[in-house]
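Here the protein sequences come in this chain order: V and P.
Using the numbering used here, count along the first sequence one by one with no gaps and you end on 182.
Using the numbering used here, count along the second sequence one by one with no gaps and you end on 182.
Hints listed in this document are in silico derivations from the structure and should not be mistaken for laboratory results.
Don't take each hint at face value.
Straight-line distance between alpha carbons at most 30 angstroms, and here's what the computed DSS-like set of lysine-lysine pairs gives [unchecked claim]:
1. P:Lys147 with V:Lys167
2. P:Lys167 with V:Lys131
3. V:Lys150 with P:Lys147
4. V:Lys131 with V:Lys90
5. V:Lys90 with V:Lys27
There are 2 protein chains.
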Amino acid sequence: MAYQGYNPYQPATGNSQVQNFFTHVDKDGSGKINAQELQQALINGQGQQFSDTACNMMISMFDQDRTGTIDITEFERLFNYINSWLSCFKAFDRDNSGSIEESELSAAFQQMGFRFSQQFINFLIVMSDPKERTRISVDQFIVLCVKIQKFTEAFKQRDTEMTGVIKIAFEDFLGIALGCSN
Amino acid sequence: MAYQGYNPYQPATGNSQVQNFFTHVDKDGSGKINAQELQQALINGQGQQFSDTACNMMISMFDQDRTGTIDITEFERLFNYINSWLSCFKAFDRDNSGSIEESELSAAFQQMGFRFSQQFINFLIVMSDPKERTRISVDQFIVLCVKIQKFTEAFKQRDTEMTGVIKIAFEDFLGIALGCSN
C-alpha cells in the first residue's frame, strides 16, 4: 500500500506534508503535476498503480485552467479529496483486505442511500474490474462513485416528482451518458 | 501522420502487412499486444499518440479472453476495424486537415442518420477535446462514435414506439450511463 514514503492508508496532514508530497510527485520539477506523475505516486491496495482513468479523472476535476496539469494549490485540494475517498474506502473495506468485495460494496451503497439490486452490484464490480470480476480497488471505487454521483445528480434534476422514473429525449439522454449533461 | 512505416491514411492490406505491423507493434515479442504497445504505434493527424482511452477501448473490444492483450487473430480484426474508422474519418475530414471541425462533424452525424442540434455538436467537440475545444482528432472521433453507437442502441431498445422519448427507471439509466446496460 505504501510507496516511497506515502501510505494512502495513513493520510498526511498539514501544508508541509502536502508540499513534500507535491515535490516528490513533481518528478520533472516543473511546478505542475500531470496525470502520469500522479499515477507514479499512487498505489492501490492491490499493489498496482492507480489506473489511467482514475488519474486523468482526478487531474481534470482540479485542473481549472485546462492545461492537463495542476499546481500546488489545486494539488492540495486534490490531496484532501483523495484522502476523503481513502477514508471512505477504508470504512467500507471491513475485512481490511485492500479491496471491496460484493457484500462490502452492497453495504457501502446502502449506507450512501442507494438501494441497488444484487444483480446491479455485481454489474458494477464486473464493469469496474473486468479481469478479476470479484472485487474493486480503491482507484476503481473512486471512479465508480464519482460517476454514480454525477449520473444520479443528472437523473434527480429530471425526476422532479421523485418517482424514480424519468421521461427523457434522445439528445438529452446521450448528453448525460456521454458525460456532458446539457 | 506516419509512424515508422505505418501511415493510417494509407491503410495496409493483406495478411503479410498485418503480420508485419503486428511484429512491429509487439515490442516485447510476447506474441500479444497490450494497450500501451498499440498506443506507441498509432499517431493521429495532429502528430500525437492515440489517447489511453482510445487504445484501452479498442483492445478491450477485441480482447475476448479478457487478458488485457490481443493475439494476431484478434489484432487482424482490430486492424481492419481501425482502417474502417480511418476511411470514415477521412471522408468526413473534407479539408484534409487531419482533424474534424464543427461543420464537418455536423455533416458527419447527419450522414450517419443523426439530427443533432448545433449546440449538441459543440458539446461533443468540447467534451472530446476539452483543451482545444474546436476540432477532434481521429482517435477522439473513434471513441465518440463507438460510445454514441452503444448509447443509441440502448436508447432504441427502450424506444419501442420510436417517439424519441423514453421512460426509464434509475437503476436502468445508471446501468446504461455507466456502460453496463442491463
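Here is what the structure says about each hint:
1. Restraint check: the Cα-Cα separation between Lys147 of chain P and Lys167 of chain V comes to about 21 angstroms, which is no more than 30 angstroms; the hinted pair holds.
2. At most 30 angstroms may separate the alpha-carbon atoms for a hinted pair to count; Lys167 of chain P and Lys131 of chain V exceed this at roughly 33 angstroms.
3. Of the supplied pair hints, the one linking Lys150 of chain V and Lys147 of chain P holds, its CA atoms being roughly 18 angstroms apart against a limit of 30 angstroms.
4. Distance check on the hinted pair: Lys131 of chain V and Lys90 of chain V sit about 23 angstroms apart at the alpha-carbon level, within 30 angstroms; holds.
5. The hinted pair formed by Lys90 of chain V and Lys27 of chain V meets the criterion: a straight-line CA distance of about 28 angstroms does not exceed 30 angstroms.
The structure shown violates just one earlier hint, number 2.
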